[in-house]
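Asks: Listed below are the residues making up each chain.
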Amino acid sequence: MIDLKNASRRDFLSISGRAGLATLVASAVGINVGMVEVLTAGTSKKITPFRFAILTDAHLFSIDDHKFDIFLAQAVEQVNAMSPAPDFVVYGGDIAQNGRDDQLVKGRKILSKLKMPIHFIPGEHDWYLDMGAAWKGHFGSPTWSMNHKGVHMIGMNSILVRDFWTAAGMSAKQRMDTMEMLESPIAGPWGVREEQLEWLKKDVKALGSETPVVVFTHSPLWDYYPRWNFQTEDAPEVRSILSKFERVMSFHGHVHQTVYNKIGNMSSVGTLSTSWPWPYPDVQLAYPEMRMTRSDPAMIQDGEGPQHIDLEADFQGTMHYDPFGNMLQPSIKDGFKI
Amino acid sequence: MNKKRVWAAIGVLAAGGALSLLVGAALARDPYTREELAEQEKALLASVDHGRDLWHGSNPSISTNGLACGNCHPDAAASNPHTFPKYQADVGKVIALRDMINWCITTPQAGKPLDADGDDMIAMEAYAFYLYRGKQIMPGLATEQTSPVVVKSGVGYPKKGSGVGYDK
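Chains A and B are the protein sequences, given in the same order. Residues 485 to 822 in the working numbering are what the first sequence spells out, letter by letter. Residues 15 to 182 in the working numbering are what the second sequence spells out, letter by letter.
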């Protein structure tokens with residue numbers, strides 16, 4: 485899939501060299517030749533190229549030697565073995581399954597084996613037993629930003645729901661149980677909410693439009709499938725605040741699958757979990773080539789794993805899924821431009 | 015055969031036909047009443063509802079590692095009930111949906127299998143099939159993930175809210 489309007493001459497030569505003119509022509513007329521080409525303009529501000537990795541959705545249980553403990557440890561080993569090594573790792577939420585402190589402690593211990601720094605954002609499974617108290621005790625503020633080699637990186641808590649528990653007289657465990665069920669209609673849509681929107685406005689106020697921006701949230705910053713909270717209710721406001729930038733890259737957890745979208749100046753990339761894959765909802769995707777092969781339930785690690793991203797000097801990015809097993813479509817096996 | 019005999023034969027046949035119609039009407043039952051159909055629907059939905067609870071972990075014996083059916087199959091998605099019976103490569107033969115359910119219970123969930131003819135298994139099947147109602151039956155489709163009916167709100171079937179938090 486080619487964005488010819490935004491493709492630069494260098495991009496054009498890159499395509500021609502990589503896939504040949506036939507591929508370019510075929511893609512331009514809409515023929516799927518099994519190669520994904522999402523070309524986007526970079527930013528005018530140059531960065532120092534670097535790599536970072538994302539681990540997410542471990543869903544650790546309060547059971548010793550659970551298979552998900554082993555999967556997360558394996559993903560940590562995989563990231564540690566990457567060459568070149570990622571500068572840092574972002575953890576995309578849902579370390580715990582039931583929000584329990586022992587699950588967060590176990591996750592922190594496994595993730596402490598990483599050789600590089602790690603930054604955290606929460607998921608709903610981490611949060612609703614004690615409204616994030618234990619999570620914040622272990623991992624700090626869920627809202628943060630940092631500048632790294634010319635890129636402004638932002639993390640936000642996107643799993644905030646309106647109070648559905650007080651009027652219903654629910655216990656903390658009932659609240660957590662409700663949030664654990666993906667298709668529970670009670671909790672309603674998630675969002676980052678007013679306080680973080682105000683924080684975001686202030687955070688980016690002084691930044692020039694040429695600043696490369698990367699944002700991490702647990703849920704997608706677009707309406708993918710609201711029924712399963714594959715969405716963030718106030719994502720339009722987030723995108724509006726970030727619309728002044730030439731390019732924004734958004735990475736999210738929660739969906740446990742490969743998925744890509746692009747809205748305005750923002751490219752959005754979903755991530756693999758280290759626990760189980762979610763099925764694709766009944767949605768027409770703009771980039772169906774990014775779907776992974778249907779996972780085989782007989783292979784307990786199929787459809788799971790870590791991922792890493794390489795950012796180039798002009799803020800072009802390449803997304804690499806690093807699954808435990810061989811489950812990527814040929815179109816995304818060698819990574820794809822984001 | 016003269017005309018009188020013909021008319022006599024016709025008369026006998028007509029009388030016999032009328033008699034059999036009367037007997038048939040006496041033996042046949044009336045169509046189900048609205049109330050009876052409502053009772054049947056209620057029984058089905060009770061089974062579907064029980065199936066949904068089981069699907070989301072209400073029976074601890076079917077999982078020893080915390081995983082429930084709903085972990086991989088929210089709204090029964092990708093459970094593909096309408097594609098069974100089909101050849102299952104892992105088992106090496108054609109199996110029914112209940113066999114697949116028990117395979118998931120004993121393998122990814124490391125739990126104790128359900129009685130294949132028991133009410134719990136029927137409820138599990140009822141939930142999956144109800145969420146796939148109206149979908150085309152396609153036995154053997156093995157490589158595609160399929161989607162259930164679109165559930166806009168609630169649980170995907172008529173259910174009165176409990177107020178506790180699992181439905182609406």
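Hints may be right or wrong, so weigh each one.
Here are the simulated DMTMM-like pairs of lysine to aspartate or glutamate, each with C-alpha atoms no more than 25 angstroms apart in a straight line [stated by the list, open to error]:
| id | chain 1 | residue 1 | chain 2 | residue 2 |
| --- | --- | --- | --- | --- |
| 1 | A | Lys-551 | B | Asp-113 |
| 2 | A | Lys-620 | A | Glu-717 |
| 3 | B | Lys-149 | A | Asp-647 |
| 4 | B | Lys-107 | A | Glu-667 |
Read the hints as simulated data drawn from the structure, not as lab findings.
Asks: Now tell me, hint by hint, if it's right for this structure.
Replies: How the hints compare with the structure:
{"no.": "1", "hint": "Lys-551(A) <-> Asp-113(B)", "in the structure": "holds, 24 angstroms"}
{"no.": "2", "hint": "Lys-620(A) <-> Glu-717(A)", "in the structure": "holds, 23 angstroms"}
{"no.": "3", "hint": "Lys-149(B) <-> Asp-647(A)", "in the structure": "violated, 37 angstroms"}
{"no.": "4", "hint": "Lys-107(B) <-> Glu-667(A)", "in the structure": "violated, 33 angstroms"}
The structure does not agree with the numbered hints 3 and 4 stated previously, though it agrees with the rest.
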